[in-house]
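> One-letter residues, chain by chain:
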Amino acid sequence: METGNTPVTYSIGLKLLKHVFGMYCIAAICITLFQAWDDYDSSKNRIALRIAEQQPLVQDGLENAVWHLDSELVDSLLKGLLTQAAITGVRVYDVDGSVLAESGQMPQSGSEHRLSNQLQHNFSLYDPNTEAGLSADKIAEVVFYSNNDVLIREVKGSLIVLLLAALVKTAILWSLFIYFGRKLLSSPLNVLTSKVKSLPLDKSPENQAVTRPMNELEILEFAIEEMQHKLDETLQQLHNANDKLSSMNTHLSRAVEQSPSISAIISHAGEIIYCSPSFELQTGYDKDQAGTFFARQVFTKFPLEQVSRDLNHSHPGDASDARELQIRTLSGTKRFLSVTFSRVQIGSASVTNLLFTANDITAIKLMSQRLEKTNQEQEKIIDQLVNAKGMLLESEKMASLGQLAAGVAHEINNPIGYIASNSSALQDYVKELTLLLDSYQSLEEELSEQAADQIRTLKQQIDYDFIRNDIHNLMDDTREGIRRITDIVKDLLTYSRSGEKEYCYQDIHQGLESTLNMVWNELKYKLDLKREYGDLPEISCMISQLNQVFMNMLVNAGHAVEGNGTLVIRTRQQGDEVCIQFADDGVGIEPENIPKLFDPFFTTKPVGSGTGLGLSVSAGIIKEHNGRIEVASTPGQGSCFSIWLPVHQVRENAPPGSREIVDEPVS
Amino acid sequence: MRRLFTPLLLLLIAVSSPSVAETIYIYSYHNHPPFVTKPGQGLTYKLADILRQQSGNQFDFKVKILPRPRLNAKIKHWIAGQCEKQSCAQDWLVPWVNPRWGFIKGPRDNYLWHELYAGSSSVLSHIDNPVDYQGPDSLQGKTFAGMRGHRYLGIDPLVSEGKIRRLDGNKERDNLMKILMKRVDATILPTSTINYFLRYDAVIKAESEKLLISDIKHQQFSRYIMLPETRPDLLRLVTQAKQSTAKLLDAYR
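As given, the protein sequences belong to chains V and U, one line each in that order.
Numbers 1 to 667, taken from the numbering used here, label the letters of the first sequence in order.
Numbers 1001 to 1253, taken from the numbering used here, label the letters of the second sequence in order.
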């Protein structure tokens, strides 16, 4: 059967309407009749009241007229009363019951009694001349009559309105019932029927042909019967599927229970809903202690609120990143777990519970720690290699520089030697020539005037007097310059000692002075130098390398001072060691930087200003000399580098306790 | 002994209690002076007192002032002469009336009559507008002040013919004042009433000179006490009180 809209004639709404409307009509008629009766009764009371209201208006006049039995006046008053629409007749009875006067329409005998309570009004007339204080004699009884015509006239309008209202209400109810019956009953039933028919239940039987007309409920009933049949079959299928699922569920449960991974389901409130058996195995805590375990060892690191919040923003199926958690088992053993949280979502509801999954990674972690330690050692070795490479490079560089300096010094040394020698002879010659010129000058007066003039002119031209005085100065300056060049070359030769690879006893003070000469030009505008030299023996060393150390110390001191400062160089001997101290009053070194001072490439200077190798190379040289370097520094007050060097060097392969002195100084 | 005590006590009370006086109603439609001068005062009330005294409290006379039609209604069976067949009230008397004044409509006079005095009715007019009354025709073309419900012998036909204009009032004094205020030309009042006003009403007394009382009376008549013919005892009582009554009437005539 088609499940489209049911025709209105078969609609359940119409059927319902017939029943409901029938009941409604009975109720409406009863209510309308009740309202009409109530209206009728109210109108009757109203008319009775209106009739009664006329009494005080005419009572005195009527009383007088009746007292005087003035029939004309009585008739006149009665006619006046009849002008009131509500009064249709008036009758005046004598005390003996006889009619004294009447006017208007009188009720039929018999009906008078029926209407006596509602549509008539009685009152008595008394002797108007009765003296005060005495009871008045009744002289007549007056009756005002009304009739049903007045009453009908009174209620006619409201009855018509009442009937019209009932008709309109009925029509509206009919329309609304049909409309809402279709909308709220028929249409939903049709839709429900369609949905029932279209339920995706397999093996649906062929639609049975329906020949008789049906309303929506019957169609629905028919569809439900079909659905019931389908459901029976589907239920059987579900039973089968359920058996399979149960079996699968058992396998899954066993898998979870026997898995080494810890699985726990935790509510948002932190309640542990489920714990896999592996939890007890891994942690030593039983399931009753799981709440305590999670509260103390899990949620302290991964707050539950944070985890829940993060997961609420994730997609279903997403899990948090695996995070490492160190726990302590009940027996006190440390274990490392790899922990993930994921959401347990049922249907479309928000995250209801959390799934905690953890794997024991203690073995991996220990291996990782060992690897890390190995790595650190390797990195240290690499650093040392890099250091060594740097020192090597620096050494090579300095060696090259030393060779170059030595070569240049050697080349300059010979010419400077004969320049110095020749200048000494030249100075002597100039002195002697000066004596000779002085002798010639004393003889000028004896020359002819002309010759004398030529000589005087020549003297004037060459400014003889100036030359005569300046030539000695020039010679002195030249001699001084040659001396200084000789010193520099000598210092260069002393500094470089090209190819020096062997220890020999050298004067440390000479090395210091040589180095100072090299760099003083750069430092003299910044530093005041104070030498506090003690008595030092010559020590076994490679002086050119120590000079490099001294140069680094001096240059660093220059850099440490902002503006002008003071550098104090102290030397002293202490036992078999000598100490060379460089103390400046510069900016000092931050305490945290002191341990890294001798690391290669460590520098606090701006990028490009320092290589970070100076102190590292120096430390390497000092170490090579079996010495040590110490640093004391206060930020803002200055630094003090102390270099300790042994006076004698010991052969590396000499047995302990039999120090063999190498290169004993010649005393 | 106890059983006899209560009946004996009741009997003793009944014997020793005074006899109850019969109430006799004095019906009167004369509600004007001198018959009624104020509520509870006037000739009628004094007459009731005299008769009560005369009866030695055997009768209790109660005055009932009522309109003539109502009086007629009260004694309508007596008027119709039907009281032989029907049981009619007999506890009444009517003073100041005349047998010719419409109380006998039946085949016979079924009353007892006791004459009180000879009275009359006079025509009154203003001195400035005097009416020389010679008879009802003298009032033709005049405005006449009558009493509501009264019939005026010889005048009513002229009123019906339109020859006299009649304006009715409710009280005799009102009509008298209408004369003084010249609102009407003439009125007719009992002579005793006129005399009472001239004697005791300060306003009218002050204006008495402005009133012209006709020498020729409109009517002359005797005033009687009318009693049911079944009450000779009452007639006897009235007769016995004649002297006292006469003395009273002299004071108002």
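Keep in mind the hints are simulated off the structure, nothing from the lab.
Owing to the predicted nature of the structure, the values given are computational and were not obtained by experimental measurement.
Check before you lean on any hint, since a few could be wrong.
Said to hold, decoys possible - With a straight-line Cα cutoff of 25 Å, these simulated DMTMM-like cross-link-like pairs (lysine to aspartate or glutamate) come out: (1) Lys490/V x Glu522/V; (2) Lys1074/U x Glu72/V; (3) Lys530/V x Glu502/V; (4) Lys1062/U x Asp137/V; (5) Lys1171/U x Asp60/V; (6) Lys169/V x Asp38/V; (7) Lys1105/U x Asp94/V; (8) Lys1205/U x Asp1168/U; (9) Lys79/V x Asp1137/U; (10) Lys1163/U x Asp1174/U; (11) Lys1062/U x Asp38/V; (12) Lys1062/U x Asp1168/U; (13) Lys1074/U x Asp70/V; (14) Lys1076/U x Asp127/V; (15) Lys605/V x Glu592/V; (16) Lys138/V x Asp1201/U; (17) Lys1046/U x Glu141/V; (18) Lys1076/U x Glu72/V; (19) Lys1074/U x Asp75/V; (20) Lys1105/U x Glu72/V; (21) Lys1064/U x Asp137/V; (22) Lys1062/U x Asp1156/U; (23) Lys1038/U x Asp465/V; (24) Lys1076/U x Asp576/V; (25) Lys138/V x Glu1022/U; (26) Lys1171/U x Glu592/V; (27) Lys1076/U x Glu592/V; (28) Lys1076/U x Glu522/V; (29) Lys1062/U x Asp127/V; (30) Lys301/V x Asp321/V; (31) Lys287/V x Asp243/V; (32) Lys1064/U x Asp96/V; (33) Lys623/V x Asp383/V; (34) Lys1074/U x Asp94/V; (35) Lys1171/U x Glu72/V; (36) Lys1064/U x Glu271/V; (37) Lys1178/U x Asp1137/U.
What the hints assert, rightly or not - Facing chain V, a subset of chain U residues (Cβ under 8 Å, in silico): (38) Pro1039; (39) Gly1149; (40) Leu1153.
All residues carry an ideal CB built from backbone N, CA and C; glycine is no exception.
> Would the pair Lys1062/U and Asp127/V pass a check requiring their Cα atoms to be no farther apart than 25 Å?
Answer holds: Lys1062/U to Asp127/V is near 15 Å, not above 25 Å.
> Hint check: Lys1064/U vs Asp137/V, CA-CA at most 25 Å. Holds or violated?
Between Lys1064/U and Asp137/V the Cα gap is close to 11 Å, so the pair holds against 25 Å.
> Double-check Gly1149/U for me: the hint is only fine if its C-beta lies closer than 8 Å to a C-beta in chain V.
6 Å, holds
> If you draw a straight line from the CA of Lys79/V to the CA of Asp1137/U, is it 25 Å or shorter?
Measuring from Cα to Cα gives roughly 37 Å; hence the hint is violated.
> Would you check the hint for Lys1074/U and Asp70/V, treating anything up to 25 Å between C-alpha atoms as holding?
15 Å, holds
> Quick one, are Lys1076/U and Asp576/V close enough, alpha carbons at most 25 Å?
With Cα atoms ~184 Å apart, Lys1076/U and Asp576/V exceed 25 Å; violated.
> Next pair to validate is Lys1076/U with Glu522/V; report whether the Cα-Cα distance is within 25 Å.
It is violated: about 173 Å lies between the C-alpha atoms, which goes past 25 Å.
> Could you grab the alpha-carbon distance between Lys1171/U and Glu592/V and see if it respects the 25 Å cut-off?
Violated, at about 144 Å.
> Lys1038/U and Asp465/V: Cα distance at most 25 Å?
Outside the cut-off at roughly 187 Å; violated.
> Within a Cα-Cα threshold of 25 Å, do Lys1064/U and Glu271/V meet the stated pairing?
113 Å, violated
> Check whether the Cα positions of Lys138/V and Glu1022/U lie no farther apart than 25 Å.
22 Å, holds
> Is the hinted pair Lys1062/U and Asp1156/U satisfied, with a Cα-Cα distance of at most 25 Å?
34 Å, violated
Hints 3, 9, 11, 12, 16, 17, 22, 23, 24, 26, 27, 28, 31, 36 and 40 from the earlier list are contradicted by this structure; the remaining hints agree with it.
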